[in-house]
Amino acid sequence: MADEEKFDAVVVGAGPAGSAAAITMAKAGLQVALLERGQKPGSKNVMGGILYNHYLEEIVGEAWKEAPLERPIIEERRWMMTQDAYIGLDYKNLRNRAKPHSFSVLRARFDPWFAEQAEKAGAMVVPETVVDRLIVKNNRVVGVATGRGDDLYAEVVVVCEGIGLGTGLLEKTAINGQPLRRKLRPNEVAMAAKEIMQLEPRLIEERFNCEPGEGCTIECFGDSTMGMSGFMFIYTNKDTLSVGGGALLSEFNATLRSPNQLLEHFKNHPSVKPLLRGAETVEYLGHLIPEGGYRGIPKVYGPGYLVCGDAAMLSNPVHREGSNLAMESGRLAGETVVHAKETGDFSERRLAEYRGRLDHSWIMADMKKYDKAVPLLEHNPQMLTKYPQVADRALDEFFRVDGTSKWDKQSKILKMIRKEGALRMGWDTFKALWAMK
Amino acid sequence: MEKLSDKLFTVKYVEDTGRAHIEIVDQTVCATKCEGKYCNHFCPAGVYEWNEEQKKNLVSFGNCIECGACSIGCPFDNITCHSPRGGFGAQYRLG
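Taken in order, these protein sequences are the chains called A and B.
Per my numbering, the first sequence starts with residue 733, numbered consecutively.
Per my numbering, the second sequence starts with residue 759, numbered consecutively.
Looking at chain B on its own, in the form it has when it is part of the complex (with noise of 0.2 Å):
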């Protein structure tokens, strides 16, 4: 298996519909100032997605991990997450 998103399949997620758990805090500092689009690259998830023709970071949230690394790892501060309710999000039957 390569394909992360084949990977993602492999993964338990308990689907809390409709509630983000992770959000852009200000879409113009991903187009205007971040180069880089780092949450696009080191985010084991792929959760981040940036969309030229839309200028904005899409979030696909459902397939977040929960590694934590997003808010470490921009350098503009600009993402903020938070635990999903108890019970939901990804649940590992391994580890």
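So that you can see chain A by itself, here it is in the shape it has in the complex (with noise of 0.2 Å):
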């Protein structure tokens, strides 16, 4: 191939961390072409999702308010869940109306108009096509090999795959002899299932006690994942609910679960079944999340690549925040590759720079925050099981007016809290503070 058709960038993948790669070298003159696999942009692509806009603007600009989102989040809830009661934290804030900082999003419809913005900036975007390996001379990524048939060759490779299907294609290169990324663990990944189901907006807003066009989230734990360690939730889009959740890969192997099976049983709990009733399943999908932590980010950045979004493991699973990190990591890493195309360098060293980026943003230090808070889950199911049960058990001797004196009900109370364990749950929400400091 002549020296010409070089791009000074490819990016492997049409999601948000592509997107944004693209968006910021193209912006600056790159040379880019960013490949997705799907008919086209977003036709792979499963989140939750709520989507952040602050990281859009940053990247688009004011553009952003034209993008295909559904609905701005005004109301957050978050229920602890038996199996026949919840324990609920609602905060709505109007103030979300004038300023809002996160919405329900369909991938299908935003990642198509957010590739159409590399496109703009002068990304060429080519649909339909898979990349089968990165091409490897002299120990440097020298380009990527396509499925069909043609080799496109650039000074770096930006590996926005996603989590990956099936041998990622950093698990399938190596330099020196060694895998760029090690195989993942079925801890360190969540499987996660969902369902769009149709509603009119009208039904939306009244159950949901939401204006017209406004939105609303719950996340739902305990009882909602059988007690595996995850949550479950449901999102508010303009005319479906997307509804949905997952846990721990490891666990569904460890109990013989499926993921369809989980589901149902959420949309069966009494507490969630009414909000559902009448809306018709369009869609369902099927996803891997990254929850390795701190610990399980690969290398990022090699001689002639760097590694953004889920693809590098980028997500905090505690505050169900992924896109944002896609987004800010592609960015990062497209500033990176500016860089280096300005000083004319693309060695090794340059393209640290991008490590160094992540490590100075809000990204790592969130990652480290949260490293430890999935294992905990992981390793302490009465968290989710348990305590949910006591703490129903002691709301609902409070609440029950029964002919018992206050003072009786007060000391009941205490009573079976320390037959459960007060210590033991005392260490444990130690233990929960101490994994989130």
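Result set (DSBU-like, lysine-lysine): computed pairs, CA atoms no more than 30 Å apart in a straight line: (1) A:K1151 <-> A:K1141; (2) A:K797 <-> A:K852; (3) B:K770 <-> A:K772; (4) A:K852 <-> A:K772; (5) B:K795 <-> A:K915; (6) B:K791 <-> A:K904; (7) A:K738 <-> A:K1031; (8) B:K761 <-> A:K772; (9) A:K852 <-> B:K770; (10) B:K761 <-> A:K1005; (11) A:K1005 <-> B:K770; (12) B:K795 <-> A:K904; (13) B:K814 <-> A:K904; (14) A:K915 <-> B:K813; (15) A:K1138 <-> A:K1151; (16) B:K761 <-> A:K970; (17) A:K915 <-> A:K1104; (18) A:K1101 <-> A:K1169; (19) A:K1169 <-> A:K1100; (20) A:K1118 <-> A:K1163; (21) A:K869 <-> A:K1073; (22) A:K831 <-> A:K852; (23) B:K814 <-> B:K770; (24) B:K770 <-> A:K970; (25) B:K814 <-> A:K915; (26) B:K791 <-> A:K915; (27) B:K814 <-> B:K791; (28) A:K1101 <-> A:K831.
Honestly, the hints are just simulated from the structure, not real lab data.
Here the structure is a predicted model, which is why all the values come from computation and not from measurement.
Fit the two chains together into the complex; they arrive one by one in their own frames, and the hints show the way.
Written out as structure tokens, the structure is:
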């Protein structure tokens, strides 16, 4: 291939990370190809999903307001569930109306728009193209081999392929005999399933106590995941609900439950069922979510390549954040390549700047902060099973008016907590706080 | 909608006829070593179904929604999968 046909960067995958990287580089005048294996960007992409406009605005400016988003999130609900009850924390902030910071989103609608911004900035978007492997020459990634039989060469390959299907590009590429990423373990990924359920906007607004066009999230812990480490959710879209959730793949293996069984269990909870009544399932989806924490992050740069988003295991499951880490890491990778182009230096040392940018950003700060959160729940199932039940019984006693004096009720509750192991609960609370310090 | 088979009808598939993108590496491992038949459970699309008569896992790769769980979830590293060709396989309309 002639030199002038070599790209500055080839980006693998037109999700939030890939499009963010492509936009950043194309805006700076670099020659960029953005490859996508689906019929169009978004065809293969799944998230809960809540998207944060701050990061979108950083990348596309005021144009974010034209993005096909569903509903601004005005209210956040968190439910701790038992079999037939829930204890909720609802937070509704009407100031969110004037200045929303998060939106529900459907990725097959959003991703094509985001990739279009890359195209407008001058990137070449190529759908229906699988990258079969990275081309390595003299221990440097120099391009990609596509399923179309073409080889594309570039100074840098930005890998934004997501968590990957089967053996990922990094896993099957070796430099100096070392694969670029090790195989993921079943306790480093959550298996999530989701249904998109159609419901009249008027009914969504009545059931979720929203003004027209405004939205609400409900995230549920405890019995909602049958005690497995994970959570379930309901997000309100324009005329659909996103209903889903998941748990560590290792816990599905330990319990021999299926994702659909979990989904049905949640949909049939007495507090959830009435919210979904009459809603018709219009799409069923499944996806893996990286939950390996800080320790699970692979090497994110190397000779001729950078890794962003889910492919770099960047996600914060405790705060259900992922697309923002993808966009931000894509932008930082893009800026690194722009700087490399400006200095005419695409060496590994120059590309290592990306890791430095990540380390100095909130991304790595958050990844470190929540490093132990997922293992904590994995190893302490009582936090999601027994404790919600204790709280449920205590509140039942507290609220029930049944001819018992309040003094008697109080001592009954205290006795119950003591019997369930007050010390253990105190210690577990401390552990939970410590894990997220 | 409760049944998985009904839910899978909502997914748009572009079928790449005859080209399997998933393979069981060694069916004897499924038959002799694997007691849990884990893939039969964790796969969100029910792609894997153990057939006791044939002593093998039947793979309905056409139902795959491309989550990637199989190659990570199989404790025996006995499933390989890769992306269908560009433009083929599950194509989400909503996402």
